[in-house]
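Q: Sequence:
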Amino acid sequence: RHFVTKGEKDRALLVIVVLPKKGKNLEERRLELEDLCRSAGLSVIETVTQRPKELHPKYLIGKGKIEEVVIKSQQLGADLLVFDEELTPSQLRSISDLTELRVIDRNQLILDIFAARARTSEAKIQVELAQLRYILPRLSERTTALSRLTGGIGGRGPGETRLEVDRRRIKDRLRSLERKLKEVRTVRQRKRVKRKQSRLPVVSIVGYTNSGKSTLLNILTRSTVEAENRPFSTLSPTTRLIKYPERKEIVLTDTVGFIEDLPAVLLRAFAATLEEMEDADLLIHLVDISVPDFEERMGIVENMLISLGITQTPVLLVFNKIDRAIRESVRFVEQRYDAVAISCVTGEGIEALVKRLETALEELQGESKGLPVGLTLVSRRKGRTPSFQEKYP
1 RHFVTKGEKD
11 RALLVIVVLP
21 KKGKNLEERR
31 LELEDLCRSA
41 GLSVIETVTQ
51 RPKELHPKYL
61 IGKGKIEEVV
71 IKSQQLGADL
81 LVFDEELTPS
91 QLRSISDLTE
101 LRVIDRNQLI
111 LDIFAARART
121 SEAKIQVELA
131 QLRYILPRLS
141 ERTTALSRLT
151 GGIGGRGPGE
161 TRLEVDRRRI
171 KDRLRSLERK
181 LKEVRTVRQR
191 KRVKRKQSRL
201 PVVSIVGYTN
211 SGKSTLLNIL
221 TRSTVEAENR
231 PFSTLSPTTR
241 LIKYPERKEI
251 VLTDTVGFIE
261 DLPAVLLRAF
271 AATLEEMEDA
281 DLLIHLVDIS
291 VPDFEERMGI
301 VENMLISLGI
311 TQTPVLLVFN
321 KIDRAIRESV
331 RFVEQRYDAV
341 AISCVTGEGI
351 EALVKRLETA
361 LEELQGESKG
371 LPVGLTLVSR
381 RKGRTPSFQE
391 KYP
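Position one of the sequence shown corresponds to residue 1 (our numbering), numbered consecutively onward.
These aren't lab readings, by the way, just hints derived from the structure by calculation. If you're wondering where the values come from, they're calculated on a predicted model, not measured in any experiment. Be aware that a few hints might be false.
What the hints assert, rightly or not - Result set (BS3-like, lysine-lysine): computed pairs, CA atoms no more than 27 angstroms apart in a straight line:
| no. | residue 1 | residue 2 |
| --- | --- | --- |
| 1 | K180 | K196 |
| 2 | K248 | K180 |
| 3 | K191 | K248 |
| 4 | K182 | K196 |
| 5 | K191 | K124 |
| 6 | K180 | K191 |
| 7 | K182 | K194 |
| 8 | K243 | K196 |
| 9 | K124 | K171 |
| 10 | K53 | K65 |
| 11 | K58 | K72 |
| 12 | K194 | K248 |
| 13 | K53 | K124 |
| 14 | K124 | K65 |
| 15 | K72 | K53 |
| 16 | K180 | K243 |
As the list claims (entries may be wrong) - Taking CB as the label site, the calculated pair distances span:
| no. | residue 1 | residue 2 | range |
| --- | --- | --- | --- |
| 17 | R199 | S329 | 28 to 34 angstroms |
| 18 | K196 | T88 | 43 to 49 angstroms |
| 19 | I350 | L174 | 40 to 46 angstroms |
| 20 | Q335 | L31 | 25 to 31 angstroms |
| 21 | R168 | T120 | 25 to 31 angstroms |
| 22 | P137 | E46 | 27 to 33 angstroms |
Ideal Cβ placement from N, Cα and C applies to all residues, glycine included.
All chains should be modelled from the sequences, with the hints used to inform the complete structure.
A: As structure tokens, then:
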């Protein structure tokens, strides 16, 4: 049930449109898109970029540039075009008709990765919901990818066109999936109520995708949750029990990773998963400090939490992958943000993190009013300046 893969690795030509509104620079966007493509099982053969004064309503990029894309794709043997910007249904059809290639955008690519990662029944329901909601407005008489998404569901009614049948099948399937997801959420809610009744503190690990959340969960709980160096390894919340030295217990949860411009259909579909964070007594915001744009990624995660209404939960900021970062840089940001710096690879800083976690939870559960030292609220982080890049260009 994928938009992309057919078996062997598809050869993908990437198209990046550079717009002034985009915060990331071209190189960061290219690297992130290539990483997403590799996670989807694609072989990236070339990247084409354009800085248009305005977007072309039919092809997104200019007619001359789209013709260049056609020539390059023929020369290099591309099977697939991947656009970094979201394409409208009409743009998708126009580009596909002109190039005679399969065309997807970044949203479809992310949906495909989610489909490949889905392991639990809950994750599979949520991914299929997102896929169907995304594809429904993109169906036409000429382009229908429904067979890859829904299989043989239902039958054709009297007087219906193929397009009408496809749309009806999708709507029927959506209703069925929404009922199933409602049942899943009910079960999950019961488990959350039981956890509350047990009065065990709940800690959720959040962060940008591929920041090392599952690896940290494994280290803290000595468990073996799938942890891979690729985006979106975790789709369903993974909950483990951790005992710290005084034999007290906490519930630790690993959540789905965030990414810039995460498709709205995915956020809506994964609402049940993201609800796990609402009940947390404390959030560990894990940040990969080894990437150049780590502060921008921090902002993306914080904005996502705010958009989800999670603004009053205390946050402990943790910088990961310090073994791959410059020591002076680590010390500077660790002090500036009052964060904990760790390496899940070498184990450096893990003991300090556990102690900070213990202290913070004890203070949160005590009679003391206000936030413990080293914690903050997401809403209070807004507007922290200047950035590290500004101080150390």
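Q: Next, verify each hint and record whether it holds.
A: Checked hints:
1. K180 <-> K196: Given that 27 angstroms is the threshold and the Cα spacing comes to 25 angstroms, the pair holds.
2. K248 <-> K180: 36 angstroms, violated
3. K191 <-> K248: Holds, because 20 angstroms separates the two Cα atoms, which is no more than 27 angstroms.
4. K182 <-> K196: Holds, because 21 angstroms separates the two Cα atoms, which is no more than 27 angstroms.
5. K191 <-> K124: 20 angstroms, holds
6. K180 <-> K191: 17 angstroms, holds
7. K182 <-> K194: Holds. K182 to K194 sits at ~19 angstroms (cutoff 27 angstroms).
8. K243 <-> K196: Holds: K243 and K196 sit about 17 angstroms apart, inside 27 angstroms.
9. K124 <-> K171: 17 angstroms, holds
10. K53 <-> K65: 13 angstroms, holds
11. K58 <-> K72: 20 angstroms, holds
12. K194 <-> K248: Distance ~18 angstroms between K194 and K248 Cα, so the pair holds.
13. K53 <-> K124: 41 angstroms, violated
14. K124 <-> K65: 38 angstroms, violated
15. K72 <-> K53: 23 angstroms, holds
16. K180 <-> K243: 35 angstroms, violated
17. R199 <-> S329: 28 to 34 angstroms: Given range 28 to 34 angstroms: violated, Cβ gap about 40 angstroms.
18. K196 <-> T88: 43 to 49 angstroms: 44 angstroms, holds
19. I350 <-> L174: 40 to 46 angstroms: 44 angstroms, holds
20. Q335 <-> L31: 25 to 31 angstroms: Cβ of Q335 to Cβ of L31: about 28 angstroms, so the range 25 to 31 angstroms holds.
21. R168 <-> T120: 25 to 31 angstroms: Holds: the Cβ-Cβ distance is about 29 angstroms, inside 25 to 31 angstroms.
22. P137 <-> E46: 27 to 33 angstroms: About 30 angstroms separates the Cβ atoms of P137 and E46, which means 27 to 33 angstroms holds.
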